[in-house]
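Visitor: Sequence:
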Amino acid sequence: MLLELNQLIVPAGHQLLIKNISWSAYKHILAELGENRSSRISYSQGMLEIMAPLPEHEVAKVIIGDLVKIILEELDIEFWSLGSTTFDQEKMDVGVEPDDCFYIQNEAAVRGKDRINLTVDPPPDLAIEIYITSRTRFNNYEVLGVPELWRWNGTQLEINVLSNGKYIKSPSSSIFLNLPIAQVIPEYLIRSKIDGRNAAMKAFRAWVRKQT
1 MLLELNQLIV
11 PAGHQLLIKN
21 ISWSAYKHIL
31 AELGENRSSR
41 ISYSQGMLEI
51 MAPLPEHEVA
61 KVIIGDLVKI
71 ILEELDIEFW
81 SLGSTTFDQE
91 KMDVGVEPDD
101 CFYIQNEAAV
111 RGKDRINLTV
121 DPPPDLAIEI
131 YITSRTRFNN
141 YEVLGVPELW
151 RWNGTQLEIN
161 VLSNGKYIKS
171 PSSSIFLNLP
181 IAQVIPEYLI
191 RSKIDGRNAA
201 MKAFRAWVRK
211 QT
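Residues 1 to 212 in the UniProt record's numbering are what the sequence shown spells out, letter by letter.
The set of hints was computed from the structure by calculation and includes no laboratory data. Treat the hints loosely; a few may be bogus.
[As the list claims (entries may be wrong)] Estimated spans, in silico, between C-beta atoms of each pair:
#1 161 x 28: 28 to 36 Å
#2 156 x 178: 17 to 25 Å
#3 205 x 165: 31 to 39 Å
Beta carbons: idealized from backbone N, C-alpha and C, even for Gly.
Kindly generate the complete structure, drawing on both the sequences and the hints.
Guide: If you want it as structure tokens, here you go:
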């Protein structure tokens, strides 16, 4: 293979774009990079993107994911959190690795599975991206049919809900209809940086309980 991955250096906070990559080459690169890595991969019709996140990127990903888990636990909703699992489909010629993702409505369909195959399995119900700037990544979620995508830009949480195959910005979550997600998630993410992670989680759990 012409591309030697061990020669590539992607500094944290940067992304590398490589064009004219075939589907087989994309799958080879995934296998060569392995699963135990910090970089994120996105692929769309021959364009490969490798992104290396910053530490604050990872902190936001973990905190937002933990807040979602608290909501689901307090609402007693079964869920399956698959983190940065690779989701791709050769028929669509796309692939993406979210910062975090959740099976919620479709949890039972994938419960206990070691591998997800989008030719037979549904996509995750919710994907979370931190500081996403790549249009390719955004479009890939549309193509794969992920019902809801959250994007955190460092100060605001943007909720995108899939409608007729396209994302539309929404003031509320289609999954958590009765909760002001776009306002409360940023509030407690900021509180975790001021009061500490555990204090913020405890306060958030108490808040959710008051809403139910």
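Visitor: Against each hint, give a clear statement of whether it holds in the structure.
Guide: To see whether the hints hold, each was checked on the structure:
Hint check: residue 161 to residue 28, Cβ distance near 35 Å, so the stated range 28 to 36 Å holds. Taking 17 to 25 Å as the suggested C-beta distance range, the pair residue 156 and residue 178 conforms, at roughly 21 Å. For residue 205 and residue 165, the hinted distance range of 31 to 39 Å is satisfied, since their beta carbons lie about 36 Å from each other.
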